[in-house]
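Visitor: The hints should help you fit chain B onto chain A, whose structure is shown.
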Amino acid sequence: MKKTTRTAMIGAFLAASLAFSAQAGGMNTELVIDTDNGPVKIITHVKNPPKGSPLSELYSGWVFRSKETQALETDDFDNPGMIFVEQARDAWNTPDGTVGKSCADCHGDPSSMKGLRTVLPRWDAKLGKLMTLEDYVNESRVKYMGAKPWKYGGGQLTAMVALISMQSRGMPVNVKTDGPVRKFWELGKKLYYTRVGQLDMACSNCHEDNYGKYIRADHLSQGQINGFPAYRLKNAKLNSVHGRFKGCMKNIRATPYKVGSDEFKALELYVASRGNGLSVEAPSVRN
Amino acid sequence: MKPYQLALIPASFLAMATLASAGTIKPDDVVFAPNGAVSTSLTGTPGDPANGRKVFANRKLGNCLACHKNSDLSEQQFHGEIGPALDGVAERYDEAQLRGILVNSKKTFEGTIMPSFYRLKNGARTMKKFQGKTILTAQQVEDVVAYLKTLK
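The listed protein sequences derive, respectively, from chains A and B. Residue numbers for the first sequence follow this note's numbering, beginning at 4 and rising by one. Residue numbers for the second sequence follow this note's numbering, beginning at 1297 and rising by one.
Keep in mind that the hints were calculated from the coordinates and are not lab data. Possibly wrong hints are sitting among the right ones.
Said to hold, decoys possible - The list that follows gives simulated cross-link-like pairs (lysine-lysine, BS3-like), each with its CA atoms no further than 25 Å apart:
(1) B:Lys1429 <-> A:Lys253
(2) B:Lys1356 <-> A:Lys193
(3) A:Lys253 <-> B:Lys1424
(4) B:Lys1417 <-> A:Lys253
(5) A:Lys70 <-> B:Lys1365
(6) A:Lys261 <-> B:Lys1429
(7) B:Lys1403 <-> A:Lys193
(8) A:Lys253 <-> B:Lys1402
(9) B:Lys1417 <-> A:Lys249
(10) B:Lys1356 <-> A:Lys216
(11) B:Lys1424 <-> A:Lys249
(12) B:Lys1356 <-> A:Lys249
(13) A:Lys237 <-> B:Lys1356
(14) A:Lys193 <-> B:Lys1417
(15) A:Lys249 <-> B:Lys1429
(16) A:Lys192 <-> A:Lys132
(17) A:Lys186 <-> A:Lys54
(18) A:Lys192 <-> B:Lys1417
(19) B:Lys1425 <-> A:Lys261
Said to hold, decoys possible - Label pairs and their calculated CB-CB ranges:
(20) A:Asp99 <-> B:Gln1427: 40 to 46 Å
(21) A:Lys237 <-> B:Leu1416: 53 to 59 Å
(22) B:Gly1340 <-> A:Glu60: 50 to 56 Å
(23) A:Arg219 <-> B:Leu1416: 23 to 29 Å
(24) B:Asp1383 <-> A:Asp93: 52 to 58 Å
(25) B:Ala1346 <-> A:Met134: 55 to 61 Å
(26) A:Ala107 <-> B:Ala1420: 57 to 63 Å
(27) B:Ala1420 <-> A:Gly173: 34 to 40 Å
(28) A:Ala74 <-> B:Pro1342: 52 to 58 Å
(29) A:Ala25 <-> B:Leu1416: 37 to 43 Å
The beta-carbon is built from N, C-alpha and C at its ideal position, and this holds for glycine as well.
Isolated chain A, as found in the complex (with noise of 0.2 Å):
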């Protein structure tokens, strides 16, 4: 071999391994949050990924937000989105439809739905279909409540979301993708990957190719949903998955899917499955 083409090979090699490394970057990936009761470990940072993950490592999008931002998230005390979280807790504790029940009627504490969050979306045998964790609140309130289903996306669904995903905090996501979810979840991969808009980019152009990077101001997470619904100082609400996904689609001047349509659904499935071990982090803070 010339010494010439081996030292370019090094070089590639080299250029090949200094892949995006938060610890490299010096970046923080230690989050412990001050919650009612006690600390909360929260994996932000999972170094070997199940298999067939398309990523060698998996971040929470805490990891590249500021050190100000960051802080937001460590105590409840100064999270901005618990606010919403105590309306969805009023909510939960007042009757509400035809048949005057509360969610608490059934369903005791809001602290008997951990560990459902992980799990989200999955396929309902019962149901026979896709459910999110928002069509889960709502079929209670159709079905059993006799009132009408709330907005999707809108403030009181995602605010409930926040208050049932919290219950989750710390515990790992491991949402299926095999059996009857498969297709949703080989559609939400095509999704993933297919580029769209007059940008002409796919969610994988920034979210997998280029986290860690600048894009303007913007530091590029991986896109992981494990921290939804997120609070977001620029618009002040909580903000629901589909709602996130929406505003990245319209940024690249592509059409969005409907907020709570099947194509949604299906990408929250995949970009959740992408997140399989990183804690339920919601509700988190975003820039």
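Guide: Chain B only, in chain A's frame:
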């Protein structure tokens, strides 16, 4: 030369004449060299580097700073890191190559994340208000090319 090719000559002369009078090459008519370069000016009007500098920085137009660092625009905050820094880019590419990269980046860099600024066939589901439109006009492309040529 085969007879039908001969017959085509007058027609293509005509086409050239129309193009020249219309002044602007349509997005679908741009001719690329195998390496992705575009040697003919899109408008025939020389680019204005000062306007090109504005188009480069404008978030609604080129928004090139989203992805490229450019020391010539150090007065602008936040330069992206997705693509290479464009300092000295005029020494790496000639005018035709720069024009080609702007018109359709994918002809030069296969599978690149960089948008194609003068192409109609972009991603699926393009928003209604951007359908049938290019990101930049032909003259804006020429202006940005003229500006890039100053980055030595």
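Visitor: Look at each hint and say if it fits the structure.
Guide: Right, here's what the structure says about each hint:
no. : hint                               : in the structure
1   : B:Lys1429 <-> A:Lys253             : holds, 16 Å
2   : B:Lys1356 <-> A:Lys193             : violated, 29 Å
3   : A:Lys253 <-> B:Lys1424             : holds, 12 Å
4   : B:Lys1417 <-> A:Lys253             : holds, 18 Å
5   : A:Lys70 <-> B:Lys1365              : holds, 24 Å
6   : A:Lys261 <-> B:Lys1429             : holds, 24 Å
7   : B:Lys1403 <-> A:Lys193             : holds, 24 Å
8   : A:Lys253 <-> B:Lys1402             : holds, 22 Å
9   : B:Lys1417 <-> A:Lys249             : holds, 22 Å
10  : B:Lys1356 <-> A:Lys216             : holds, 21 Å
11  : B:Lys1424 <-> A:Lys249             : holds, 15 Å
12  : B:Lys1356 <-> A:Lys249             : holds, 19 Å
13  : A:Lys237 <-> B:Lys1356             : holds, 19 Å
14  : A:Lys193 <-> B:Lys1417             : holds, 20 Å
15  : A:Lys249 <-> B:Lys1429             : holds, 22 Å
16  : A:Lys192 <-> A:Lys132              : holds, 18 Å
17  : A:Lys186 <-> A:Lys54               : holds, 19 Å
18  : A:Lys192 <-> B:Lys1417             : holds, 23 Å
19  : B:Lys1425 <-> A:Lys261             : holds, 18 Å
20  : A:Asp99 <-> B:Gln1427: 40 to 46 Å  : holds, 43 Å
21  : A:Lys237 <-> B:Leu1416: 53 to 59 Å : violated, 32 Å
22  : B:Gly1340 <-> A:Glu60: 50 to 56 Å  : holds, 52 Å
23  : A:Arg219 <-> B:Leu1416: 23 to 29 Å : holds, 26 Å
24  : B:Asp1383 <-> A:Asp93: 52 to 58 Å  : holds, 57 Å
25  : B:Ala1346 <-> A:Met134: 55 to 61 Å : holds, 57 Å
26  : A:Ala107 <-> B:Ala1420: 57 to 63 Å : violated, 45 Å
27  : B:Ala1420 <-> A:Gly173: 34 to 40 Å : holds, 39 Å
28  : A:Ala74 <-> B:Pro1342: 52 to 58 Å  : holds, 53 Å
29  : A:Ala25 <-> B:Leu1416: 37 to 43 Å  : holds, 41 Å
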